[in-house]
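Numbering (my numbering), first residue to last: 1 to 751.
Because the hints were derived from the structure by calculation, they are not lab data. All C-beta atoms, glycine included, are put in the ideal place defined by N, C-alpha and C. Check before you lean on any hint, since a few could be wrong.
Said to hold, decoys possible - Cβ-Cβ distance ranges computed for the label pairs, FRET-style:
no. : residue 1 : residue 2 : range
1   : 650       : 512       : 36 to 46 Å
2   : 232       : 129       : 56 to 66 Å
3   : 607       : 426       : 18 to 28 Å
4   : 711       : 650       : 53 to 63 Å
5   : 455       : 305       : 50 to 60 Å
6   : 248       : 305       : 48 to 58 Å
7   : 389       : 426       : 41 to 51 Å
8   : 666       : 305       : 54 to 64 Å
9   : 113       : 139       : 44 to 54 Å
10  : 487       : 627       : 14 to 24 Å
11  : 426       : 384       : 55 to 65 Å
12  : 523       : 706       : 39 to 49 Å
13  : 366       : 677       : 26 to 36 Å
14  : 384       : 456       : 17 to 27 Å
Unchecked claim - Below are the BS3-like pairs computed for lysine-lysine, each with C-alpha atoms no more than 30 Å apart in a straight line:
no. : residue 1 : residue 2
15  : 381       : 431
16  : 273       : 289
17  : 159       : 76
18  : 425       : 723
19  : 504       : 537
20  : 266       : 464
21  : 683       : 648
22  : 663       : 619
23  : 672       : 446
24  : 159       : 216
25  : 217       : 159
26  : 217       : 99
27  : 676       : 439
28  : 658       : 648
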Amino acid sequence: MSQLTIEKFDCEGEPSRVPTKRKIETDNNKKDIDNKRFKQQNKKEYRYTHKDTDNIHYVFRIDEDSELECDIGGVKVNMLVDSGCKCNLITSKTWHEMKSNNVNICNQNDKPDKLFYGYGSDKPLKLIGSFEARIKIADRSEYATFFVINDGTRDLLGKQTAINMGVLKIGLDINQMETKEPFPKIKDVQVHILIDDKVQPVSQPHRRIPIPLEEKKTLERILLGCEGTVNFIDDILVYGENKEIHEQRLKAVMKTLEENGIVLRKDKCLFNKTEIQFLGHEFSENGVKPLQKYVNSIQGFRPPMNIGKDNIADCLSRLCKLENMSANKIENYIHQVVEEAKPTAISLRDIIECSAEDPKIIMVKEGVYSNKWDDNVKAFKLFENELCFYEGILLRGTRIVIPNKLRRKVLMAAHEGHPGIVLMKARLRTKVWWPRYDKDAENLVKSCKGCTLVSAPYPPNPLKRRELPNEPWVDIAIDLMGPLPNGEHLLVIVDYFSRYQEIKITRQITSADIIRMLTEIFSRLGNPATITADNGKQFCSAEFKQFCTARNIVLFNIIPYWPQQNGEVERQNRDILKRLKISQAEKGHWREGLEEFLVMYNSTPHSVTGKSPAELFFKRQFRDKIPMIADINRQLENPDVRDRDQQKKQLGKEYTDKKRRAKECEIQPGDKVYLKNINKDNKLSLNYDPTPHTVEKNTGGDIEVRNDQTGQVLRRNIVHLKKVEGQWRILDNNKDEEISLEDKPSTSTGE
């Protein structure tokens, strides 16, 4: 084998001895290149030395001389320009120094609502606060927001502020290098760029092909007639089965290179070798194998211990979308055909040809002309007085009877524009007919994926009323309402037996704060048996669950995004919000209005129980500003209360079920469903997520589904699901379903 190395060539002109791999370092702060140094680089190959390390720059590396002196509120601060951070950050140490120097700031916030993460870290940085101040750099100044990081290491000037202050510019610089002598060119070789004049030019230019790639392709075309050659950019490998063949091929290559004016570097050429190293591999008579030094380097890699400072994340690895692909090629092909099928127009010739081959239409023809009707076409016999043949086409009145082979095509054409079931039936009814075509149209609309994803949700299940507990403070419901304009929230607690309310005002809504307020209430009223709450992170945390377990309380979290399941407290929230709005309208204090509402509510007979919450909870009536006869004994009779509660709930259930057209759930475990999009991106977002889910468990309206792609198990109500009806199919005309005479129209006009 022999290896040849080309010096340099261009597409036009004579060759000259210019090194191929020239390494030219340019400094961003210099505007011109030293001509003397440039000439020296054209004479010999440039190699890096330890003196050139000052000109080498690293991406994402922090240099010590990249800080700017900024005037923030009258205090000098050295800040690092960070184009990867949108906000301005200062350390707590700098913040204390600025306060000691009487910095001028405004709009100070002790609890900003932003989160910051360090590079390669999954834990947020601790924020002390934020403020606004005037920043001045040179002759420019503006107001900017600064965030204070506890125990920070550097003061960072954000991207937007740096651009506004003129210290950061993001764009492209064009540098042109001129030479006195042109580069050599290959003899009789021209590169033609194909341009389509019909294409409208765009502002973004086409991607330029790299010069090494153009050089490789040009050299491949030159060596196309030479056998036993392989080239990579400017390196050529010549091989042969024996020495004689190798020398013949080598002479042919040398002659071709000489004819095209290509010059070789003698010091880099190797001749008559039995083994050679090429492109990181060793080629020999034994085959091809990687170089041992590269194998040893890979085997000797140190396992990563931490996140490197100069490491660049592999972005492409995060762009790979994981999808569960079916291994069955036939299923994938069928799925593609179904998805990409487009309905086409149907000609009368197609109807005539298919009618002549349809066995049932042939039987109908015999029945029409000879009055001999086969049992397989009894669905047609019901309309024998309306049937006739015209040029081989079966008609029922003014409508064409479509043969079985073309029915799917007709249905697909009728479903263009995605009409609903009623509109599609009306569209078909005016032109075509076949037995049970209404059922076929209905099945097609139900199996249409696009129609399913944007259709209305299922009606909810009939109401299931909660049974009245045996005594007060056994079953309670809790919920958070807010935030209010001042940033505070209300913790609302309702007793299911008496409807007694407790309301706590809090600014923080963490699990620890909820536990603190509930502990104070439970210390007065005791621990309940059950707590019903929504799926807020405060009520789903491990800390809150541990609190309930420690007090022997059963925690029940409602279905996500279905607040009706916690309707008792949600209904009270609406009344509370109404009173708060009234207090604001009357320019009163909302806290006083809330206290007045609690007194009124707990001392007023409830519409369901007929007793006041205080009377059922404390066995007595609250004393308020309205006079009352204090010596009247008001004993609670639980049977009467329970009967009245059951009666009212049943009436409410019947009214609500009728109003909402509720019905029992038809979805069973194993069915495929689509999930409703709770958070839509825009008005054109689909009502349902197209990803199929499998029903795992169905307990009334409480349904658990599993994502077929990710395996994630979700819990939803029936109104959040839409059943996948499956692929379209034509009903068998021989089944037990028969068209009754009542469906037969009274006239033969086609309807």
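Evaluation of the provided hints:
1. As the Cβ distance of residue 650 to residue 512 is approximately 42 Å, the hint placing it in 36 to 46 Å holds.
2. About 60 Å separates the C-beta atoms of residue 232 and residue 129, a value consistent with the hinted range of 56 to 66 Å.
3. In this structure the hint that residue 607 and residue 426 lie 18 to 28 Å apart at CB is violated, the actual value being about 47 Å.
4. Between residue 711 and residue 650 the Cβ separation comes to about 42 Å, which falls outside the hinted range of 53 to 63 Å.
5. For the pair residue 455 and residue 305, the supplied restraint of 50 to 60 Å holds, since their beta-carbon distance comes to about 55 Å.
6. Take residue 248 and residue 305: their Cβ atoms lie about 57 Å apart, and the range 48 to 58 Å holds.
7. The given range of 41 to 51 Å is broken by residue 389 and residue 426, whose C-beta atoms sit roughly 26 Å from each other.
8. Range check, residue 666 to residue 305: Cβ separation about 57 Å, and the 54 to 64 Å hint holds.
9. Between residue 113 and residue 139 the CB atoms are about 34 Å apart, so this pair departs from the stated range of 44 to 54 Å.
10. Separation of residue 487 from residue 627 is about 40 Å and departs from the stated range, judged on CB atoms against 14 to 24 Å.
11. Separated by about 26 Å at the C-beta atoms, residue 426 and residue 384 break the suggested range of 55 to 65 Å.
12. The beta-carbon spacing between residue 523 and residue 706, approximately 43 Å, falls within the hinted interval of 39 to 49 Å.
13. The given range of 26 to 36 Å is broken by residue 366 and residue 677, whose C-beta atoms sit roughly 55 Å from each other.
14. Checking the proposed 17 to 27 Å range against residue 384 and residue 456 shows it is violated: the Cβ atoms sit about 41 Å from each other.
15. Using a Cα cut-off of 30 Å, the hinted pair residue 381 and residue 431 holds, with the two alpha carbons roughly 20 Å apart.
16. With a C-alpha separation of about 16 Å, the suggested pair residue 273 and residue 289 falls inside the 30 Å cut-off, and the hint holds.
17. At most 30 Å may separate the alpha-carbon atoms for a hinted pair to count; residue 159 and residue 76 meet this at roughly 20 Å.
18. For the suggested pair residue 425 and residue 723, the alpha carbons sit about 22 Å apart, so the restraint of at most 30 Å is met.
19. A hinted pair counts as satisfied when its Cα atoms are at most 30 Å apart, and residue 504 with residue 537 qualifies at roughly 18 Å.
20. Proposed proximity of residue 266 and residue 464 is contradicted: the alpha carbons are some 93 Å apart, above 30 Å.
21. A hinted pair counts as satisfied when its Cα atoms are at most 30 Å apart, and residue 683 with residue 648 does not qualify at roughly 41 Å.
22. Proposed proximity of residue 663 and residue 619 is contradicted: the alpha carbons are some 40 Å apart, above 30 Å.
23. With a C-alpha separation of about 13 Å, the suggested pair residue 672 and residue 446 falls inside the 30 Å cut-off, and the hint holds.
24. A C-alpha spacing of about 42 Å is found between residue 159 and residue 216, which places the hinted pair above 30 Å, so the restraint is violated.
25. For a cut-off of 30 Å, the pair hint linking residue 217 to residue 159 is broken: about 43 Å separates their Cα positions.
26. About 66 Å separates the Cα atoms of residue 217 and residue 99, which puts this hinted pair outside 30 Å; it is violated.
27. Restraint check for residue 676 and residue 439: satisfied, since their Cα atoms lie roughly 27 Å apart, inside the 30 Å limit.
28. Between residue 658 and residue 648 the alpha-carbon distance is near 15 Å, which keeps this suggested pair within the 30 Å criterion.
The structure fails to meet hints 3, 4, 7, 9, 10, 11, 13, 14, 20, 21, 22, 24, 25, 26 from the earlier list, while all remaining hints are met.
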